[in-house]
Each structure stands twice: as C-alpha cells, then as structure tokens.
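Chemist: Keeping their order, the protein sequence lines are chains A and B.
Mapping to the working numbering: the first sequence position 529 is 1136, numbers consecutive.
Mapping to the working numbering: the second sequence position 490 is 1097, numbers consecutive.
These are computed hints drawn from the structure, not numbers from a lab.
Computed from a prediction, not measured in an experiment: that's the story for all the values here.
A few of these clues could be false.
Any copy will do: because identical chains look the same in the list, a pair fits if it lies in one copy or spans two.
Said to hold, decoys possible - Derived DSBU-like pairs (lysine-lysine); straight-line CA-CA distance at most 35 Å:
#, residue 1, residue 2
1, Lys712, Lys1099
2, Lys1072, Lys901
3, Lys875, Lys699
4, Lys777, Lys809
5, Lys1004, Lys1076
6, Lys1140, Lys921
7, Lys712, Lys1115
8, Lys1127, Lys1072
9, Lys1065, Lys1140
10, Lys901, Lys1127
11, Lys952, Lys1076
12, Lys1004, Lys1115
13, Lys901, Lys1115
14, Lys699, Lys763
15, Lys699, Lys1115
Below, each chain spelled out in residue letters.
Number of protein chains: 2
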Amino acid sequence: MRVAIAQLNLHVGNIDANVSRIRSSLGQAKNQGADLVLFPELTLAGYPPRDLLLSQAFIDDCQRGLGQVAASCHDIAAIIGGPSRNETGQGKPLFNSAFLLYDGKVQAVCHKGLLPTYDVFNEDRYFQSATDFSTVDYKGERLAITVCEDLWNIGKESLYALTPPDVLMKSRPTVLLNISASPFAWNHMPQRMRVLSANAKKYRLPLFSANLVGGQTDLLFDGASAVFGPSGQVVDRLPAFREDMRVYDLSSVRSSPHNEGLPELEGKEQQWAATLDALVMGVRDYFRKTGLSKALVGLSGGLDSALTLVIAEKALGKENVWAVLLPGPYSSEHSVTDALALARKLGVRHDTISINGIVESLENSLAAQYAGTESGIAEENLQARARAVVLMGLSNKFNHLLLNTSNKSEAAVGYTTLYGDMCGGLSVLGDVYKSDVYGMARLINAIGEVIPWHTISKPPSAELKPNQKDSDSLPEYQLLDDILYQFLEEGKDAGEIVRRGHDEALVKRVIEMVCLSEHKRFQSPPILRTSPKCLGVGREMPLEASWQSLLRIHNA
Amino acid sequence: MRVAIAQLNLHVGNIDANVSRIRSSLGQAKNQGADLVLFPELTLAGYPPRDLLLSQAFIDDCQRGLGQVAASCHDIAAIIGGPSRNETGQGKPLFNSAFLLYDGKVQAVCHKGLLPTYDVFNEDRYFQSATDFSTVDYKGERLAITVCEDLWNIGKESLYALTPPDVLMKSRPTVLLNISASPFAWNHMPQRMRVLSANAKKYRLPLFSANLVGGQTDLLFDGASAVFGPSGQVVDRLPAFREDMRVYDLSSVRSSPHNEGLPELEGKEQQWAATLDALVMGVRDYFRKTGLSKALVGLSGGLDSALTLVIAEKALGKENVWAVLLPGPYSSEHSVTDALALARKLGVRHDTISINGIVESLENSLAAQYAGTESGIAEENLQARARAVVLMGLSNKFNHLLLNTSNKSEAAVGYTTLYGDMCGGLSVLGDVYKSDVYGMARLINAIGEVIPWHTISKPPSAELKPNQKDSDSLPEYQLLDDILYQFLEEGKDAGEIVRRGHDEALVKRVIEMVCLSEHKRFQSPPILRTSPKCLGVGREMPLEASWQSLLRIHNA
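Make a model of the complete structure from these sequences and hints.
Modeler: Right, here's the structure in full:
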C-alpha cells in the first residue's frame, strides 16, 4: 500500500476552501499512485475553530464538507479530521473525529480519546473523549487511526488514565496513523519527534503522522509531519513552515534501516532561524486569511520595530509594507537616520510625521489638571499614545493593518504604554525576548547588513525623556530575560530562581512587575506564539488577585 | 446538629486574608451555637484562581492556609474548599476539594467529580475529576459532601457519565452539603434554585448550599446560598450580593413544611435591578481587591456614560469618582449641559477639557497623508482617540482607574473605536444591551430624576460628525438587540432568526458586524458579566476565520 501525507495549510471556518484544498491534494496523490492520504486534524474545520464549534450551522457545514470530500474518494482513500456529533445522549455534544473515506462514502469514524486541555489547548470545552477504539481494515492492512494527543500518553508522565493505542493493539493493527495539529514552539519539534518515535518503537509498527502547517492568529503550526519505521527510526520528515505532500511505500517504511537519528534541541542560532521562519509564516497567513494585504509599522529607529519591519517585508513583500517614522521631542537624530536607512534598504514606503505638535496640544489641554505635578510617566505615555493615534489614523484611513512591535521582555514587565506602543492588530515579537531579538537581528545581518549595525549596537531607549535608557528602569536584558525565562517558561517560583543564583530583591522586583502588568497584557493584541509559554494564548492569569504566593521566597 | 452557611466574599490569591476571614466566621458561628460551618468552593484560593493553580508556591500556600484553618477548628467543624495535589501519579496534578476539619485536623477530603469546562468555566485545565465518592460521619449525621457542579448532572441534560450524589447515596447519607462558586447572570439564580431543589427532592435529603459572593474581575458571584428540605422545599435563601452567615437547626430543616415556592424568572424590572446590584458590587470589588480607590469616567452627555457614572458613585462614593467632559468639534450644547447636570446632581468632581485643539493638531499632522481623501470613519476615530489619550493622561497622572462606558449592543457590532471609546480598565456596561441601559436608567430615575430625563429621551449619537445619530449606522436598538440576543444568548443561527420573523438582509448584516469586530473585542478591557453570554469571559471566537457558516441561511 502507498500512503501519502498531505501537510496542508487550512483556514478556520473556511470549509469551502478547505474542501477544495483537500480535493486537489487527493487528485495529486492519486496521480502519484497513493492508496491512502492522511490529512491534518480537524481538516474540514481548521484548527482551532474555538467557539465556532458551538454553532450548529458550522457543524452542519462540516458534515456537508465531509460528504463532498467522501464523494471525491474513488480509487483512493482519505483520512480527514472533523467534528462529529455525539449521539449517545451523554457528555459533550461533539467528538473530534478522524473519518476514513473511500468508494464515495464515509467507511469508518474514529474519535479522539485524549483531549488536551492545558496551555494553548481547551478541547474539553467542546469534545467528549472517546473510550472505545477500533482498528479498520483497508487494502490488506489493519489501520490503527489516532488523533494527535492519542499518542501522547507515553513515557514517564501519565496525564490520562487511558492510552488509546494500547487498546487498539488488541486488534493487532499493521500500521499506526496519526492526524494532528501540534503547534510550533522553538523547542517543540524534537519533543514531538521523540513522542512519535517512541510510539512506533513501543508498538513495533510503522507510523505516519500528518501535522497541520500555517499560522492561525496566535498559534503557528510548523508541519514537519513525519514517518517512522517499526523500531522508531525516522524514515522521513516533511519540511517545516510550508505545505507539502509526499507518498510512501508502506513495505519500504516497514523495512527501512534502523537508525537512531532523532533530532536534538538545537543551538540558539537554529532557534532564531526557526522562530524567524515561524513569524514570517504567521504574519503572511494572518493577512491572507483575514483578507488583508497591507501592513503599517511605526519605525522608531530602535531594534524591535526594525526587526518587525524586516519580518513584515519578508512576509508581505516590500510593496505591501509602509513604515512611518514618528519623531518626538526626545527622539535622537540617530533614531531618524537609522530608521530611514533601514526603510531605504528594504525599499518600503516610508513617511515621517512629527508628533511634537500633538504632544504640545495634549500638554496644553491637560495643563490645568497637570499644574503643579512633576513630569513623569504620564507625560511619557502621552508621547507613546500620540504615536498610536497617528498610526491608527493611517491604519483606519488606508486599510493597513498596524503591526505591534513590542518584545516579550518589555511586555512581561509592563514597560509599555497601553493604547500607546501596545497598539496594533497583531504582535509580531511579543513572544520573543529582547536577547533573542538581538540574536535574530544578527542572524539577518549575517549575510550582509540589512538592519543598520548601529541600531543593534546602541543602548536600547524608549526616548520618552532626555537621555533615557531602558537600563534606567529595567535590569540589563540578559539578566532580566534569564529571570523571566525561569519564571515563565520553566515555571520556577521565586525561591527556586534565587537558589539558582539570582539576587533576591531583583527576582522579587521582576516577578512583581510581571504580576502588576497583567491588566495591561489583558488588552494586548494577539501575539504570535513561538515559545513554550507565551504571554498571550496559553496563559490565563487572574487580574484582581493578590500575588503574595508568587512573591514569597519559599524554602526548598 | 446546627449547620451554618458562611457566604463570604473571598479574594483570589489572597490566602492570608481568606484564612482570617474564614477564622472570624468560625468564631462567629461558634458563638451562635453552630456545629458545622459550610464555606464556598475553593475558599482558600478564591474563585477562579486560573493559572495561579499552576504555581507550586500557590498550592503550598493553600496547604499552609488549610493547616491554619484546621488548627482553629476546636468545638466546631468546617467544610472549606481548596486545591489538593493528585498523588495518584495519573491525570491532572490537582483535585478541586472540600475538606472537613475538626479537632484541629483535616478529617476528610472529598474531591469534585464534575468539572465544568464550558462557557466561563475551564476546570479541566487544572483539575482531575474524582470518580470515588464517600460519605463522612460527624456528630451522628452522615454527610454527603459535594462541590458545586457535582449536583448539576440532573434532569434532561446529561453532560457527564457520572452523577456523584447517586454514588454517595449507596452509603445512605442523612444530609447533602454543597460548596459552590456559581456566578451571577440575570437569569441564573432561579435555575440554580431549581437544580438544588431537584437534588433535595430526588434524594429526599435536606440540602445546604454555600455559594460565593463578590466580584472577581469579570465574574460576579451573587451568593444567594440556600437551604432545602427533603421534599425540595426552599427553607431559606441568603441575600444576594452581600456577605452573610446564618445558622440552621438540621432537624427543623428536615421537618420544615412542604412548599412549592421556587423562584421564577422575574420581569424586566427585576432583571435590571439585579443587574444594577451586580454591577455596583463588581465595580466596588474590583477597586477594593486591586487596591485602587478612585475612578475616572469620561462623561459625554449620553446615556451610557451617565449610567456608568451613577454605578461608580454608588460603588465608590462621590468623593472617589471624577467625571471629565471632553467636548469636541461636533458635541452639542445639550451634551455638555446634560453631563454637567448629572455630575452636579451626584456631587462628583467634574472637569471640562476640550479636545478641539488636539483634534486639530492630529489633523494637521496627518494632512499630507490624508490629502485628497474624503472625511470618514478615520477622522471620527481621531476624536474618540483624542478623548482616550486625555482620559488616560489623567488616569496615569492621578492614579484613577478609567471606567469603560461601552454598552453590549455597540460592542457587539463594533460600533466603537479601538483605543478610543474602547479604552478603560474595566467595562461596566459591556454586557448590558442598550435597551437594558434605558431600562436601568428609568429604574434609577423611578424615585426621582438622577440622570437628566433629556439624556434618556434624546436620540443616541456618538457626535463624531455633524448631526450624527446611531440610527444612521445601526438598526434601531430594539431590533438590533433582539437579533443580537437570539444570536449570542440563545445561540440561534441566521436561518432560525430569519424564520422567527426578522428580515434576512438585516440578520446577515448584524451577524456580519459581530464577526468582523471580533478583532476589536479581543483587545477589550474585562467586562463585568451579567448575562448568560458575555462578549468577554466565556466567549472564545477565532479571529482569523471565515464566517461563512454563520452568515449562510440554512434551511430548517
């Protein structure tokens, strides 16, 4: 039997487009001699459909789409994903299902047993978990069909009472199939490969896994679908961050030579390169799937907006990106020259609009109320918000989506202005620490200067008061980022971070800044997720809380 | 045995404060001769603790708090709620537990079996559901201890495979106890009373239910804890929207006279009155629990900001509320006079700051780019954003929390400006349709004019261009609200709404406006939830989606 993996970039809610995408892949696979094509999880709906799943009309349309795809399955079989109604009268109204289609009909339905409900996932909100699992015979093979998380109850951690493939093994399947929507984080692909390989090895079966590719708002799917031989050996891995389809001869996979070649977590450079690819895909898909084409970026002369502009240009093309410089009362000359140099290098439209008159009129309007107070953060925020109003004025007038340029370090500690530099329709770097922003900028410049080196080398500054530097208000970024990483990504508490060598007062100060800015991040634009713990999707902190437990230094 | 219900207003994460609140209730109950005191769900942690539950330090502190409360339990018993670690090595790391405490120790632990994961709830994210349930003997009674949702798998709908009290009945308990955190919606209390009564009746047992009271950011808990006799009769109901403790003689409850007195869903006036009480509590608690005391309201002369100001004054006192009038180029004279009349009536500080100079400087700054374009929504947004920058300038400078004044109707269809009138730290009316804003305003004025009648009677207008009226851009609010209610609260699809008598083109237009403004609401402040389907907490729509299924008119 010849098995194809169709690694597609699907669109949530766009059932018509998804159906025609599936159909054209089927035609292509048939031409290449495939007997069976494996598609990603929830193929018809797109992933994650969120509360669209609560609409009966949406479920009806998914069912209709299923019928359309089934009708195309002649001389070929497909395994596609979609929601199906739970008719048992008990439990959640839907299953997250895989459908085996051939001879023009739905031949078998396999429901997902393990529903991830943690971090970015909330499948228990919609789906009932299946407890019965059956294999299906097709063309002399016995298929064990599983959906994503069904293969993840393996190894030391045992999050679920049930392990679906264990149940399936009772029927002695000959091949393990998995349809999935497993999102990107810079460290996730090697982990996914280990889990899949461990399944192939444990059950001594060839394993084919089709993973979703593409950006879906904040969630980025890398694809990197994979095929394993029955001793867990990697037979093939599809590319990351783009669609692809490949056809495999099952008997060759079964007898492929043993190897130990599982990918390891790579170094910083590879992390930065993968993150860049993910962000470019995320920006491109957000525009394409929302029907927009043109982006606006406020270019400050600093590094965050420079990197955002480079990513936007790669994603959308220089003709679709508009850079706007907004010098204010404390902008330095090099900010303007650095920003202009980059815009010219990239060949994007760039305009310069001074905010001085606006800031002056704001200060005049507030003069009576502000009288007798000392100039401080409120005055700095006026400048940030003046820029936001100008940028949004261009965005609204000319239908350009404004890209947010905040990085994760400043967003984490609230070194941002709500409705000021926090504005925009999509946050490009909100899940990238400042240290990694530097790394990515250097990587981009490795084959020749794109971002002016001066932008990279000068001390970071918000330029909201004379001679201001980020380091006046914040610890040095390397120190800050290490504490943030331990607190956010690694989930360490204050005591552990101190015991690992950081200053107690500093650790408390950083964690307190994170806690006290939760209310700002609540109003943040969606953030492209590239790390294992994003400050947007996948993190749900209370706002009206006491943070006493997070700030106390607990003993080991 | 004498059973007390302590209906407390707890604070998420504030374990120290919650422990001392519990202890003082225990002392009070002891003085009143109680043998056992029932507290709300997750008493120690506050509800909902959200991702604080992922912090080991937080769980440690809850355990420590549990020990402190247990140590206070001499000559009295308590049933309190808190997280407990799942030590089985399988499943989610925590249980949502009820602890029976007496003689200075934890005597029994009962884990929640049914974990709500729908609408505003996501308990499967944190907790493992229990499958074993045991009664506990205390003072000659056999207690069936349950946690909130454990009693909700009753009646026609069967969301769960298991019904915990069915299991508990095997041990022949003599009383049913329930600790809960069941939030307010204007229609929810009668439903909750029906469910609890049905349990008492089904199991022929007296039932005591302690419900949380107080605001917790967007979720508002009404309390209204209740006691039922063994034929389902209501014996007592505690007040809504405030703390209380009452002590009951179990034998009197057991033998209380039969009655059929379950509360019915009441009329519109009662809905408005309860919603007002809920909003006042929500505003008051948000300020108190975040350590703030002073509020800022932008007062336009329109009805939404007027009602917001009245609620703020009721919640915080006139000395803590600051009204700011921001007349612009198209503000009418009556807007200013109506706004001033209200501010004077309430006796709150009020300032007037014209935005004309700011708008002019914004238009000047954008003149080169705007040249040759027709004036439109972008220009209107400049005015809304100029107001936001001034309000936030006062908020930041003087540490006043800005209250958002948008109503649910305009938020639903996106008749709002992002970073403009959408600004603020808390949305007071974001879950109240404009029709209900009118109703609540009339209710407030029923005992004498507070809100100028002219504010209520004049046609609503954003006053962002000459002679503008909301009805230029939107259907009449009564029509709009009816379509929105069917679509959002009732979950009807477009076809059903049309079949119930609305114009097809209008229904499609309204639903499309809702869909196309999802990206704006993503950046909305938290919204005080008062309806069964809020546009904030409890609703998770995708942004980067096709809405084709929601817009298609499906046949019946």
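Chemist: Evaluate each hint against the coordinates.
Modeler: Verification of the hints:
1. In this assembly of identical chains, the alpha carbons of Lys712 and Lys1099 lie at most 35 Å apart only when taken from different copies (30 Å versus 52 Å within one copy).
2. With identical chains, the CA atoms of Lys1072 and Lys901 are at most 35 Å apart both within one copy (32 Å) and between copies (28 Å).
3. For a Cα distance limit of 35 Å, the shortest separation of Lys875 from Lys699 across copies, 32 Å, qualifies, whereas the shortest one inside one copy, 43 Å, does not.
4. In the homo-oligomer, the alpha carbons of Lys777 and Lys809 lie at most 35 Å apart inside one protomer (14 Å), although the nearest pairing across protomers, at 42 Å, exceeds that limit.
5. In this assembly of identical chains, Lys1004 and Lys1076 lie within 35 Å of each other by CA distance both inside one copy and across copies; the values are 34 Å within and 22 Å between.
6. Within a single copy, Lys1140 and Lys921 get their C-alpha atoms as close as 25 Å, which meets the 35 Å cut-off; across copies the closest is 41 Å, which misses it.
7. For the homomeric pair Lys712 and Lys1115, the shortest alpha-carbon distance between copies (33 Å) is at most 35 Å, but the shortest distance inside one copy (61 Å) is not.
8. In this homomeric assembly, Lys1127 and Lys1072 come within 35 Å of each other (Cα to Cα) both inside a single copy, at 22 Å, and across copies, at 31 Å.
9. Within a single copy, Lys1065 and Lys1140 get their C-alpha atoms as close as 29 Å, which meets the 35 Å cut-off; across copies the closest is 50 Å, which misses it.
10. Proximity of Lys901 to Lys1127 under the C-alpha cut-off of 35 Å is found in both arrangements, the shortest distances being 27 Å within a copy and 18 Å between copies.
11. When the C-alpha separation of Lys952 and Lys1076 is checked against a cutoff of 35 Å, the pair qualifies only within one copy, where the shortest distance is 27 Å, while the shortest distance between copies is 48 Å.
12. For the homomeric pair Lys1004 and Lys1115, the shortest alpha-carbon distance between copies (25 Å) is at most 35 Å, but the shortest distance inside one copy (44 Å) is not.
13. Within a single copy, Lys901 and Lys1115 get their C-alpha atoms only as close as 42 Å, which misses the 35 Å cut-off; across copies the closest is 27 Å, which meets it.
14. For a Cα distance limit of 35 Å, the shortest separation of Lys699 from Lys763 qualifies both inside one copy, at 29 Å, and across copies, at 14 Å.
15. When the C-alpha separation of Lys699 and Lys1115 is checked against a cutoff of 35 Å, the pair qualifies only between copies, where the shortest distance is 29 Å, while the shortest distance within a copy is 43 Å.
Against the hints set out earlier in the document, no violation occurs for any number.
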